[in-house]
Amino acid sequence: MEGIAVHRLTKRYERVTAVDQLTFTLVPGRVTGFVGRNGAGKTTTLRMVLGLTRPTAGEATVSGVPYARLRDPLRQVGAVIDANCFHPGWIGRNALRSIARTAGIGDNRVDEVLGLVDLTAAAGRRVRGYSLGMRQRLALAGALLGDPATLVLDEPANGLDPDGVRWLRSLIRGLGAQGRSVLVSSHQLAELSQTVDDVIVIEQGRLVAHDSIAAITSGADSLEDGFLRLTAREAE
Amino acid sequence: MTTLISAELFKLRSTRTTWATAVALAGFAIALLGFNAALLGDPGQPEAVPSTLVGLVRTPGPFIGAGALLFGLLLTSSEHRHGVALITRLGHPRLPSLILGKATAAAITGVVLAVAVEAIMVGGGTILLASRNVAVEPLRHGMPGVVAGVVAIGALYAIAGVGIGELLRNPALAVGVVLGWMFVAEGVLPVVLREPDVARWLPSGLVTATLSAGASPDASSPAPAAALAVLAAYAVGLLIAGLGRACATDP
Numbered sequence: 061m062e063g064i065a066v067h068r069l070t071k072r073y074e075r076v077t078a079v080d081q082l083t084f085t086l087v088p089g090r091v092t093g094f095v096g097r098n099g100a101g102k103t104t105t106l107r108m109v110l111g112l113t114r115p116t117a118g119e120a121t122v123s124g125v126p127y128a129r130l131r132d133p134l135r136q137v138g139a140v141i142d143a144n145c146f147h148p149g150w151i152g153r154n155a156l157r158s159i160a161r162t163a164g165i166g167d168n169r170v171d172e173v174l175g176l177v178d179l180t181a182a183a184g185r186r187v188r189g190y191s192l193g194m195r196q197r198l199a200l201a202g203a204l205l206g207d208p209a210t211l212v213l214d215e216p217a218n219g220l221d222p223d224g225v226r227w228l229r230s231l232i233r234g235l236g237a238q239g240r241s242v243l244v245s246s247h248q249l250a251e252l253s254q255t256v257d258d259v260i261v262i263e264q265g266r267l268v269a270h271d272s273i274a275a276i277t278s279g280a281d282s283l284e285d286g287f288l289r290l291t292a293r294e295a296e
Numbered sequence: 656m657t658t659l660i661s662a663e664l665f666k667l668r669s670t671r672t673t674w675a676t677a678v679a680l681a682g683f684a685i686a687l688l689g690f691n692a693a694l695l696g697d698p699g700q701p702e703a704v705p706s707t708l709v710g711l712v713r714t715p716g717p718f719i720g721a722g723a724l725l726f727g728l729l730l731t732s733s734e735h736r737h738g739v740a741l742i743t744r745l746g747h748p749r750l751p752s753l754i755l756g757k758a759t760a761a762a763i764t765g766v767v768l769a770v771a772v773e774a775i776m777v778g779g780g781t782i783l784l785a786s787r788n789v790a791v792e793p794l795r796h797g798m799p800g801v802v803a804g805v806v807a808i809g810a811l812y813a814i815a816g817v818g819i820g821e822l823l824r825n826p827a828l829a830v831g832v833v834l835g836w837m838f839v840a841e842g843v844l845p846v847v848l849r850e851p852d853v854a855r856w857l858p859s860g861l862v863t864a865t866l867s868a869g870a871s872p873d874a875s876s877p878a879p880a881a882a883l884a885v886l887a888a889y890a891v892g893l894l895i896a897g898l899g900r901a902c903a904t905d906p
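Just so you know, the sequences run in chain order A and B.
Residue 72 in the working numbering sits at position 12 of the first sequence, with consecutive numbering throughout.
Residue 718 in the working numbering sits at position 63 of the second sequence, with consecutive numbering throughout.
If a hint is listed, it holds; no wrong ones were tucked in.
Covered stretches of chain B (chain A as the covering partner; in silico rule of three or more C-beta atoms under 8 Å from a C-beta of chain A): (1) 727–738; (2) 745–758.
Counterexamples of contact, computed for chain B against chain A with all Cβ distances above 12 Å: (3) A681; (4) R824; (5) W836.
Estimated spans, in silico, between C-beta atoms of each pair: (6) B:M656 / A:P148: 23 to 33 Å; (7) B:T781 / A:R135: 48 to 58 Å; (8) A:A275 / B:V891: 52 to 62 Å; (9) B:A881 / A:G219: 51 to 61 Å; (10) A:A117 / B:V770: 44 to 54 Å; (11) B:P698 / A:P148: 50 to 60 Å; (12) A:T83 / B:F838: 49 to 59 Å; (13) A:N168 / B:R671: 20 to 30 Å; (14) B:A675 / A:D271: 51 to 61 Å; (15) A:G219 / B:I782: 49 to 59 Å; (16) B:A675 / A:A117: 40 to 50 Å; (17) A:E284 / B:M656: 40 to 50 Å; (18) B:P751 / A:R185: 31 to 41 Å.
Treat the hints as calculated values from the structure; they're not laboratory data.
No residue lacks a Cβ here, since even glycine has one placed at the ideal position from N, Cα and C.
Using the sequences provided together with the hints, build the complete structure.
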């Protein structure tokens with residue numbers, strides 16, 4: 061099954077080109093890191109993939125069609141774009157139930173994903189009382205509700221404590237091992253290097269590299285070194 | 656669409672403001688009945704007569720409209736305010752059907768609210784009249800038309816609320832604009848335009864006309880059915896404006 065494919069994707073805001081003819085395809089069953097500096101165009105790209113931002117040119121597809129044309133999108137793509145995407149007055153379980161009902165997903169699955177992200181005990185509390193890490197876990201639970209084949213995660217480790225980061229790493233690796241296609245955007249390169257199979261590097265909206273983690277870090281001490289070397293070369 | 660409407664109804668059920676509004680309106684209905692029970696037939700007060708019931712049923716109409724409008728506003732503007740709109744869009748990426756689903760859910764809630772409050776008024780009013788040995792005539796004095804009008808107002812105001820919420824995308828701003836319209840603009844417009852009759856075609860005047868079945872006819876007011884049709888046009892117009900804003904802003 062084809063996962064995410066991005067072809068000559070471009071987004072311009074007046075004179076600023078946020079994403080510039082970006083092209084890549086994700087391989088199902090592999091976890092791909094999506095890295096770049098602040099303002100490199102990562103979030104804009106992810107939003108275009110998810111149909112939340114209209115591209116100026118080019119196309120992003122999931123399973124061969126644009127996100128907006130997916131039938132039952134929550135069962136095909138799970139996404140974490142912002143941890144602050146739940147009404148603070150809702151209790152955690154109801155926040156997930158409201159998403160689940162959109163896709164006709166039962167309450168059993170809600171309880172299952174709450175367990176998966178270790179939020180069962182806090183499921184009856186209002187979201188306004190959640191820490192950033194707990195909201196991040198709740199957003200992850202929302203992404204997993206439809207048991208999707210493709211996951212798009214924007215900075216999923218934000219706000220997680222060291223235990224949470226370790227848990228997230230194991231979760232993402234597990235999802236990849238199940239044959240899912242996972243795209244993870246992150247600035248925490250040391251952590252990302254322990255999680256991903258492939259890496260996409262972008263700089264000023266353009267693709268710098270898309271290769272396996274081994275190839276990207278070849279001749280470098282770490283992913284961070286590899287990233288800095290690649291982006292410095294691009295700047296020259 | 657069914658799952659979307661179910662999800663939107665669930666959101667409304669899970670929001671405390673919805674219940675607070677419903678309880679406040681039910682409390683208002685009960686207080687109104689108590690007030691009438693205490694005063695009807697007192698010296699200087701109207702006597703309890705068969706047509707008293709339709710008056711009781713008519714009175715909460717504008718308040719039900721305001722409550723339903725709040726439901727619609729919450730369902731859209733609050734989602735934008737708290738970032739929930741993002742999750743909703745991921746689950747249902749097609750904007751026109753998303754907004755139509757929200758409007759349907761809000762209208763259903765408005766209808767339920769109207770039916771619940773009217774049930775209190777009809778039930779309580781019947782007991783009140785029966786206790787005074789006054790004939791209860793639920794199918795006369797324009798009662799069916801007034802009850803249908805109140806229910807329709809509940810649905811239409813909720814749809815208008817979805818449109819306004821999508822247009823303004825901020826609950827405080829939306830509530831402020833609505834209050835400003837109801838308490839300032841509707842009073843000022845006829846004066847500024849030097850056309851007092853304009854007030855009859857503004858939402859508050861149309862609500863009064865819609866609920867006028869069985870009341871003394873006012874030749875210059877639109878007939879209840881015509882008033883309801885114009886109210887529906889306002890609601891649909893606002894919904895289309897909200898959808899237009901959403902389509903212009905979002906993909």
